[in-house]
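**Q** Residue numbers (this note's numbering), protein chains in the order written: chain A, 1412 to 1870; chain B, 1412 to 1870.
Each hint should be verified, as a subset may be incorrect.
Copies of the same chain are indistinguishable here, so a pair counts whether it falls within one copy or spans any two.
Stated by the list, open to error - Simulated crosslink set (DSSO-like; lysine-lysine; CA at most 30 Å straight-line):
#1 Lys1440 to Lys1828
#2 Lys1809 to Lys1455
#3 Lys1806 to Lys1440
#4 Lys1455 to Lys1806
#5 Lys1506 to Lys1806
#6 Lys1811 to Lys1828
#7 Lys1506 to Lys1811
Simulated from the structure, these hints should not be mistaken for laboratory data.
There are 2 protein chains.
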Amino acid sequence: MAEQMRDGVTRLFRGRSVAVVGASTDPRKLGHEILANILNGGYKGRIYPVNPNADQVLGLPAYASASEIPASLDLAVVVVPAPFVAGVLREVAHKGAGAAIIISGGFREAGREDLEEELRTVVTETGLRLVGPNCQGINYRPNMLCASWPLVTASGSMAVISQSGTVAATLAGWAVDEGLGISATVSLGNQVDVCETDLIEYFARDTETRVMALYLEGAKDGRRFLQVASRAIPQKPIIVLKSGRTELGQRAAASHTRSLAGRDEVFDAACRQFGIVRVPDIESLYDSAKALESLQLSGGDRVMIVTSSGGCGILATDEAEACNLRVPPLLPDVLGDLGEAGLLPTAIVSNPLDLTVAPAEHFEAAVTVAGRHDLADVYLLIFGDPIPGATEVVKRLKGKLGACIVVAYLGGGEVEKAERLQMHGAGIPVFPTPQRAIRAIRDAVWVSRFRARETMTSG
Amino acid sequence: MAEQMRDGVTRLFRGRSVAVVGASTDPRKLGHEILANILNGGYKGRIYPVNPNADQVLGLPAYASASEIPASLDLAVVVVPAPFVAGVLREVAHKGAGAAIIISGGFREAGREDLEEELRTVVTETGLRLVGPNCQGINYRPNMLCASWPLVTASGSMAVISQSGTVAATLAGWAVDEGLGISATVSLGNQVDVCETDLIEYFARDTETRVMALYLEGAKDGRRFLQVASRAIPQKPIIVLKSGRTELGQRAAASHTRSLAGRDEVFDAACRQFGIVRVPDIESLYDSAKALESLQLSGGDRVMIVTSSGGCGILATDEAEACNLRVPPLLPDVLGDLGEAGLLPTAIVSNPLDLTVAPAEHFEAAVTVAGRHDLADVYLLIFGDPIPGATEVVKRLKGKLGACIVVAYLGGGEVEKAERLQMHGAGIPVFPTPQRAIRAIRDAVWVSRFRARETMTSG
């Protein structure tokens, strides 16, 4: 049974054949959009639309029911009205499916606990693994399967697991705009079966995923969540945005997904103890996932700030101090070497190091000197103007110093947009303000310290 | 003298003729870029490039020195090496100029206090009003004068005054991308003459400006700053991002613009007392300016949250409670009317009101009912999906309820981008996350309460 169950989760993501039950010919319907996204998302497996009123949908032959599909199935995506879902699941299980994604709403969240109970019965009887109901589906890029919306095809290494379809879509949208892409988005819905913990378990083993970003309103089984997460964290950082911080928020969460949030301070303390990064808002969830996706830090908390904008250097310094990061002063030997590095006479040689209106190469010269003196654990480069050639410089620095280079790029118009895409392509995280960069660095440093401590303890 | 001085500031912005001293034929030089931006920015006055080594620059006849310009001047933009600046200023003053913008660096910030002292002498002798030196210039859209970089031509009603050219360029860049535009950006530089307070005085009277966003490292004259600001605030909200919050940040600020920041808590308390909104980071500066640019609130702090995304509704509720805004519950008569408003059976009718996957018209129905019952002072509409027609709905709601409609739009891909531009065109502020929307609402509510209290006290 356990083996079959695990197989079910694998088929959810890796299935080679999928039925879309409720595939619609009407472009305004979700049953149409999802089939279109599976087709346009590049899925290489077999696709079977099910629609009793159409001969074909989007050019594919349609079947009146799942039973009539002339082959065995791995996965079904279900978009039919709630009262029909249980019946459909029995049919697809009979056709060999190991997993199903139930997009349809109208269950517990609409007062129909009875219909949801029926789904639970089907799970027990058939061993099917279910995602949903009342969810926005799954997009899994390693299998090029976008059984969700909107259509996202850019492949990256961030897996987004979310009790809100919108939060998942938002992170994916930003990751696409910024040239990062995603490995997966999973919208959890009512979690009648597959929950956030099953997904952490899956993505911990998924070679295409380097970091997990979660939006939660509560954990289905807090103890198992923490156990599974703590086993995953040595390889894969986990960042969590949990709502219900306040009493009013908790009440709203209870109405939304009936999550039993528990006391917020308890969750907070558990995160700190088990190495889970907890963030306060949607942008921090994205930022910290971005940082942890690519940075490889040593556990140290010293930050060197090199900037072409004096003001942004100060804002970064303020934020670093507020985040308990160290901004070490430059000792005389470093000052001496920097004095010979060919910086502008207007440069303010300190930490933060204000290069003033300098070419990209001055960033390289300064960081190289600092690196030689092992001055910092993380280097924040702030490009406060359109500075062409910045990408080449940060790539070379990453080659020399390793994945400890972070960029804030702002005020650079079109040059900035182009350079950001290139830097992300090279695995260097870029943030839109110095403050967001520093807060993401804080979280990455915290994870690296946590890991270093764990290694020491277990070693 | 005072009249002449004020005239000088006016000519800084409204001048009908401008000399660019140091206009370069080399596209890599600032003296080229600034002339190009004045030309391409739509300036309708006369433009005189000064360059002793060229007959013309960018198609305009060039003059060997300012003295040879065959007409009188209002304004000069100076981009020559620091030791030549004072001489140039005497020349342009002689040609009738009332103001100058000194882009050139190499003064106090580079240890040349002597050269800066010389500028002070010229100011005293000639009555010229100076912006800079060591600054990124001025862009003033009412006069279509972009004596700065990058080129920004989109006209709006936000004036950005900044001790960091990059922070100003960043805000302007966002305002352009989001279809808002700016009325002005002023980069202050070393403030040898014109300071943030002179500019607050100017923009308080400027009919094209509705809100001022300032980045400061310190105020030149704290007492006058507060006096002038408090006179401006009844008409024009002022939002300030001040760096040097921490000791290390203050030290960095002292190196950057030699600002004497004073104790941070004192500045903080003064802001609260005088009605200045103080924000913690660059994005908040932009967000709060955006909110205060268009919202007209009554002083009340009740927020009604209507959403298509349950998760985002909860995140907004959490943030509202953290911001001390009230999210009032729905009383029976409101619940009754909402029950007849044609919402989906899946809707969760509370505050936050989760419409679930609903068309834009359901937002209108819900907010109309809430408005009829005077349920809230601000309405936050969260569009958590691509929802076509959202703009028409929020425009109609603004027509009915006034400028108290705020939007968070996320996860909507291209539809979201198009709708955001249209909503901004209609004067409705749109934020990328529910949390940023709520924090901006908090600041707008605070200003409206401050004003209401002031009116009562003085009335």
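**Q** Could you run down the list of hints and mark each one as holding or not?
**A** Hint-by-hint comparison with the structure:
| no. | hint | verdict |
| --- | --- | --- |
| 1 | Lys1440 to Lys1828 | between (35 Å within a copy, 22 Å between copies) |
| 2 | Lys1809 to Lys1455 | neither (36 Å within a copy, 48 Å between copies) |
| 3 | Lys1806 to Lys1440 | between (45 Å within a copy, 27 Å between copies) |
| 4 | Lys1455 to Lys1806 | neither (35 Å within a copy, 45 Å between copies) |
| 5 | Lys1506 to Lys1806 | neither (51 Å within a copy, 51 Å between copies) |
| 6 | Lys1811 to Lys1828 | within (25 Å within a copy, 39 Å between copies) |
| 7 | Lys1506 to Lys1811 | neither (55 Å within a copy, 55 Å between copies) |
Hints 2, 4, 5, 7 from the earlier list are contradicted by this structure; the remaining hints agree with it.
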